[in-house]
Amino acid sequence: MSVSWSRTRTVGRTEIRRRWRVIKANTAQLISIGLMCLFFVPGVLAILAGAYFGGSALRAGDLATPVATVREIAVTLWLFAAVFGGFRGYSSLLDPDCQDGLLTTISHQQLLAGLLLAEAAAFGLPIALVAAGAGVIFAVGSGSVLAVPAVFSAIGVLVSTGFLTGLAVVLVFKNGGVRSRLLSRLRTVAFAALFLVYMGVIVTNSFGALLDPFYWLLTPTPIGWVGELALLSTTASGSPLLAGSGLVVGIVGLGFSGPVVSRLTAWLWYADGLEPRETDTTPTTAGGSRLSRLLPQPMAGVVRVDWTRARRAPISLSYAVYPLFLLVTPIIETVQEGTVGGGFPLLVAVCGVWITGALFTLNIVGNEGSVLPSTLLAPEPGRAIIGGHIAAGTLVGLPMTAGAVAVLGVLSPQPLWAVATLTLGSLLLVVAAAAIATGIGAALPRYEAVSVSRSRKAIVPSTLAFVAYSLVIGLVSLPLVAGHSRLVAEFVTSMVGLPRFGLALAGIVVSTALAAAFSLVAVLYARRRIDRFQFD
Amino acid sequence: MSSPSQRTANDSPPAIDATGLTKQFGSTTVVDGIDLMVEPGTVYGFLGPNGAGKTTTMRMLTTLTAPTEGQAAIMGAPVSDRDGVRSHLGYLPEEPPVFDELTGREQLQYVARLRDVPPAEADDRIPDWLDRFDLVADADRRIDDYSKGMRQKLGLIGALLHEPSVVFLDEPTSGLDPRAARTVLDVIAKLSDAGQTVFLSTHILSVVEELADTVGVLFDGELVAEGAPADLTAQVDAAGTDPGDDGDGGTGSTLEDVFLAVTTDSPAAQAVPESTNGAGATQPAADDGSTGR
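Chains as they are written, first to last, in my numbering: chain A, 1 to 536; chain B, 1 to 293.
Looking at chain A on its own, in the form it has when it is part of the complex (with noise of 0.2 Å):
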């Protein structure tokens, strides 16, 4: 069955359709990619105002390196376009909806064009237009008509092949995944290596170094040349050889990674999967006895659901790490100055208590899911479910954080009682966080699943649920935070002659009174509404 243009515009219009109805139904997603056009307006404005500029300087002869600037933007253009190819293959591309049914409806290639021609109609479109304005605004400012078609084919081979180069990469590592168990496990390591890279590059902002070997690579080589044909229409001394030689190697490689990109997408839809493994999940591991040995056999049992499930979608608990963004800049100024700031300790103290109560215990009922009837109908349900799941937070979170905030204490001009006292308070809340938790997850619990990304839904705390136990974890830290925060110690030590050290005791007998009293309010509450559910 050949690929048709007929049936390629059915799935491509279909994609676009139920995209569009995806994103109409919801309002935050509207309004989230309203922002996110606004977000780029400027970057779209720096790019045109970039390519009149450029067009002038090269046409007044101002610009000292034509040759090496035109071949870095390519390469730039033409990673940015490969990673973002990798991104929409690896989110949504290439796991098609209903993809048995389709695959014998139709070839996969013409699914692949459908899906491809969609993915133009979304993506491609803007791109064309940005292209064509800055084609346009360059010929303006080159003073030559001729830069309009030369400036718009540059960019058009140039993202072609950089998404379908992004694309063929991300096909060989699925197609890893899909036939190595360990492959497979390796992803979410991966995915975390991946982020701390990211944010290594963000915090020592060091693009420059991470992109320089690719530019050594790439910028001798045709996609480099690519950038030369806006140099064509100019005074600069550009090579019209090496540019014509650049455009006819991308679009000789755009006929060769059709058939790739199709051969890849076939052996990854068309693959066995792994070999089913039978599982054992008898808790004979030397962690499994421990737990036993530690809790009541139907606590240990919540306990490890949590954390199989946690280990085995992570991407459902990324909901708890959101307060990881608050230690970005902390982090910026650790690694620019070399020191560890006096507040930096704090703010992971509150970062991972709030992160312990959130990870389990936020969704207390609603996160059962469709076992919730089952696990209702065991013995006392209410002490195990909540016992569990507040162990299954404090287990992970309580050393974390108490061990993260020490270390960074002592590593901190704070003195050594202050970073015992802080050390100490946050041990406490870490406990109390996870039990207020079950209470607000009791009484504002959310059942059905939402998108945590593209392709996967999973059952998170709601809405109301965030907001107020963030209030309630902030009111509870705020004595703690006051006790050892330097402002307010040196402002109370003014104002009524307390010292330091009585101050962060202070900080922690109130903030422990409080925890303590919401933590008893939410607990009961808890394990009444639990004991005491029914189904609507």
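One or more of the hints may lead you astray.
Heads up, simulated DSS-like pairs for lysine-lysine below, C-alpha to C-alpha not over 27 Å straight-line [stated by the list, open to error]:
1) A/Lys457 - B/Lys148
2) A/Lys457 - A/Lys24
3) B/Lys190 - B/Lys148
4) A/Lys24 - B/Lys148
What the hints contain is simulated information worked out from the structure, not anything from laboratory work.
Remember, it's a predicted structure, so these values are computed and weren't measured experimentally.
Take the given structure of chain A and dock chain B to it, following the hints.
Frame of chain A; chain B shown alone:
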């Protein structure tokens, strides 16, 4: 149904012809060298307990996964020739392939366009099918508002809309109310009357008993029994291994008795499949060749 030896050069190819079909996932053998032959215009009931390998067999026959060993052809086109097979194929997987964001009518128009059904014919067929399955009033509602049964009906229409030669149905009556299930059974009977072949996988034995010309029972990846329903029940009666037999030696076994007899690891019961399975048949083949492969 004719056996391969009776086939002449002018005969049309069998609707489904598989020899030594095997699927292994690593060291696990899921389907173990099964032989199948289904003649055009017949209904083949494919039975087996959960995990027996039914879905994997259907995936091999519908080109979704390649056999590790053996070969299969649909209307003469080998399953390795996906394009050749696809043109003969209609497939309703266990989960109906419908898009939540489309309306029922849009979903069917989409399938019709992909299947190259001429627009004028699609305009005739779609309302007709919607009417037969009592979906006219809901045709312009989005599928995410549909019940499980309505989705199932829509998926089934999608598999039949282009009038394929061979239809693979995986649990087609799943989630349907009795009236809708009856409609599906009537449709399957009419497909067979019109010369279309139906390969029907289901756990509802009464459906198979009513519709199937031939029944195959898969157990642990092996085809342990095959034949016309009446022949299979007769053989269980004759062997006296009916698990539900009260010991009075009476006849009247059902397909459920056959199923229970052949899908057990008990050595006593294993005697039955030996006699009913065409691969190692000790009983003479039925006159119509239903056990011949």
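Which numbered hints fail: Every hint satisfied by this model.
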